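**Student:** Below, each chain spelled out in residue letters.
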Amino acid sequence: MRTITEPIIVNIGPQHPSTHGIFRMRVVLDGEVVVDLEPIFGYLHRGIEKLAETRTYTQVIPLTDRLLYLSAMACNHAYVLAVEKLAGIRVPERAEYIRVIMDELMRISSHLMAVGFFFNDMGCSVYTPLLYMYREREKILDLFEMVCGQRLTYNYMRIGGVSQDVPEEFIPALKRFVAEMPGFINEYEQLLTENEIVLFRSKGVGILPKELAINSSASGPVLRASGVKWDIRRADPYSVYDHFEFEIPTGEAGDNYDRYRVRILEMRQSVRILEQAIKQLPGGEVCSKVPHLLHPPVGETYGHIETPQGEMGFYIVSDNSIAPYRLHIRPATLINLTALKDMVVGWKLADAIITFGSIDVCMAEVDR
Amino acid sequence: MTLWPAGNYWAHFGVFAAIIIAFVLLTVMAFIWFERRAFGTFQLRWGPNRAGPFGFFQPVADAIKVLLKEDIVPAAADKLIHWLAPVIVFLPVLLIFAVIPLYKGHGLVPDLNTGILYVVAISTMSVVGVFMAGWASNNKYSLLGGMRAIAQMVSYEIPLVISIISIVLLSGSLSMYAIVGSQDIPFFLVTPLGFLIFLLSAMAEINRGPFDLLEADSEIVAGFHTEYSGMKFAMFYLAEYGHALAMSAIAATLFLGGWRGPGDGYAAIGVMWLLAKVFFIFFLLIWMRVTFPRLRVDQLMGFGWKFLFPLALINLFIVAAEVVYWGDITWWMILVNFGAAGVLILVWSRLFKLGGGRVEIEA
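Line order of the protein sequences matches chains A and B. First residue of the first sequence: 0, per numbering that gives the first Met the number 0; consecutive thereafter. First residue of the second sequence: 0, per numbering that gives the first Met the number 0; consecutive thereafter.
Please keep in mind that the hints were generated in silico from the structure rather than gathered at the bench. Being a predicted model, the structure only gives us computed values, none of them experimental. Careful: at least some of the hints might be erroneous.
[Claimed, not checked] 30 Å max Cα-Cα, derived DSS-like pairs, lysine-lysine: (1) B:K139 - A:K202; (2) A:K340 - B:K352; (3) A:K209 - B:K352.
[To be verified] To list a few chain B residues with every Cβ distance to chain A over 10 Å, as calculated: (4) Q57; (5) Y102; (6) R293; (7) R295; (8) G326; (9) V358.
[Said to hold, decoys possible] Now the in silico label distances, taken between C-beta atoms and shown as ranges: (10) B:M124 - A:G345: 44 to 50 Å; (11) B:W45 - A:E167: 29 to 35 Å; (12) A:I39 - B:V72: 49 to 55 Å; (13) B:V72 - A:A172: 37 to 43 Å; (14) B:T123 - A:G148: 48 to 54 Å; (15) A:P181 - B:P261: 43 to 49 Å; (16) B:I360 - A:I39: 18 to 24 Å; (17) A:Y42 - B:A50: 33 to 39 Å; (18) A:E274 - B:F337: 46 to 52 Å; (19) A:Y42 - B:I149: 32 to 38 Å; (20) A:E188 - B:W45: 47 to 53 Å; (21) B:T123 - A:A178: 39 to 45 Å.
Don't be surprised by glycine CBs; every beta carbon is placed ideally from N, CA and C.
Please model the complete structure; the sequences and the hints are all you need to start from.
**Tutor:** Here's what the structure looks like:
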């Protein structure tokens, strides 16, 4: 290493405006160039996996809300999916459709926040794109509030279905939202996609090559931006995703710009899925009969879904008691974060920040 | 030189010093309110609307808040320099206004014959204060901010001054009053490229908009003033808006014709014209700031040296040739300069490569 100036060590975080929670990057700088980077996790560890082992299967659902709070519905879904697989529980078709609707709404909402915060990190210093995106997120939160009364931690999915049917006014409101969302996405693209400064800042910056993306087990938009067409909704279909037509957008270079583009394109696909789901939504019950205290047979299972951030999986071991014997979570963002150093070294400090932002992390999930 | 009131030096300086301090403080408060309301409008929200009608008293409430806050100095900071920095940053802002013509022949120093030179010299001083703040805080974020400040301000001073020189050529004088006086056609029409270059470099100089790297909140927290709180922070805040005011006032004077406008026979109307132009320029700054993401530090330097600097030089040559050829400001000049500005910007943006990017690190 040839150093021109004396290297300095800068601790970015745990308390820093752009670490999206409490995360620490120990960065060695040569002037403004990042020479070395060490991500340090664990400031938000709450022992959720251990807590889950002291609760019944149903009581674990509220814990999953707190994991990835920007896409709590998806976490609910990942967990109940694993338990249903373990205990062999059938889910009514209407409930599956409602789950898909919730998942896709959650994907739009989460991607809105991801893109908004990405531009925040890029220094839209007074949050303009983010505030525009809050406007649409607000509508999604209203929809969630209709179905379960909550706006952040939903606790809506149940083992065997969902807690209650959607209210009458939900479907018309959803139709309105689906009709106007493409216009809003166009608006963001007008503001951001061709913006010269955005291109300067994000094109070719923070590249994650295809091989490295696969080898580091990255998933979600981070993997797809590197050009790998891998989406669990297609690769290992769950719920009723095989009933819908949608595409899996991928990037080419795997840079920050591609990760942004993939998220925008995924939002468009989510709108498409929602349109189809509204048309196909069947009637019937929304939850099958499940005993209050579930005793799944002895065994182990792994259920995973495609959350907005990537693959989230629950590995559950059952000993036929009322609580999981062991529960392990495969967090999408922790594993995506492990490639951070390779993406950042050699770039400037400002690039380190936006590359970190482009991964779309949620520290609550990383540290659990 | 008119000494108003009473033809007495001391009375004149006393009255005008008071006017300038009141003008700067009140306008800065109006700027703070205006910017926050404008942000609200741009971002589909209200902005301040609780303290007083339309939130007019919000800057007052802010001022009271920062006055009551504890003033913390880091244990390992260089105490004296840490204390001195905000003062050094703020003083030049007031000093600049000594030569800004408020109205025909009225100002603290009416008709300083090297007015614009004085402005350039004084406005550069604040960078010393910024670097002092960054260095004395004993914080790496602050130090990075301070270093960025030096690089940025030194680089952007050059296109700024070159664009000012074209104005000097057009008006044939360094005096601010003579420059305003010679603007029968406002100079932003005569040299649009010069105006653009001045505006962009001024934005970088006063640390605003896409060029606010000194305090890039998402990267280095708050840059050079990370470790400042209470009244000292307020001084930096005041200085930042004061600089914006100063730059808007200079731009209004040099390019938009200062106090001149229909009905400027009356002093009050003249001052209103000046204020309206100042607020227009400030609105442009707000607009840019609220829309664009921030540039990276090497891209910022590249933009300054590879884009603005050559364009400023070419613009200077064009204006100089026109002044030699026509001798007087004519409508032809406007036509030629608008054409030249369009062609130059197009051609140069094709040629312009930012470069920079990844640095290979050998293990």
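**Student:** Give a verdict on every hint.
**Tutor:** For each hint, the structure was consulted:
1. B:K139 - A:K202: 28 Å, holds
2. A:K340 - B:K352: Holds: K340 (chain A) and K352 (chain B) sit about 27 Å apart, inside 30 Å.
3. A:K209 - B:K352: 27 Å, holds
4. Q57: Its Cβ never comes within 10 Å of chain A, the nearest being 16 Å, so this holds.
5. Y102: 35 Å, holds
6. R293: 3 Å, violated
7. R295: 5 Å, violated
8. G326: Nearest chain A Cβ is 39 Å from G326 (chain B), so the label holds.
9. V358: 5 Å, violated
10. B:M124 - A:G345: 44 to 50 Å: Taking Cβ atoms as reference, M124 (chain B) and G345 (chain A) lie about 37 Å apart, which means the hint is violated.
11. B:W45 - A:E167: 29 to 35 Å: 33 Å, holds
12. A:I39 - B:V72: 49 to 55 Å: 29 Å, violated
13. B:V72 - A:A172: 37 to 43 Å: 54 Å, violated
14. B:T123 - A:G148: 48 to 54 Å: The hint (48 to 54 Å, Cβ to Cβ) is violated, given that T123 (chain B) and G148 (chain A) are roughly 60 Å apart.
15. A:P181 - B:P261: 43 to 49 Å: 48 Å, holds
16. B:I360 - A:I39: 18 to 24 Å: Hint holds: Cβ distance 20 Å, inside 18 to 24 Å.
17. A:Y42 - B:A50: 33 to 39 Å: 37 Å Cβ-Cβ, so the 33 to 39 Å window holds.
18. A:E274 - B:F337: 46 to 52 Å: At roughly 49 Å between Cβ atoms, F337 (chain B) and E274 (chain A) fall inside 46 to 52 Å, so the hint holds.
19. A:Y42 - B:I149: 32 to 38 Å: 34 Å, holds
20. A:E188 - B:W45: 47 to 53 Å: 27 Å, violated
21. B:T123 - A:A178: 39 to 45 Å: Violated: the Cβ-Cβ distance is about 56 Å, outside 39 to 45 Å.
Checked against the numbered hints above, the structure breaks hints 6, 7, 9, 10, 12, 13, 14, 20, 21 and satisfies the rest.
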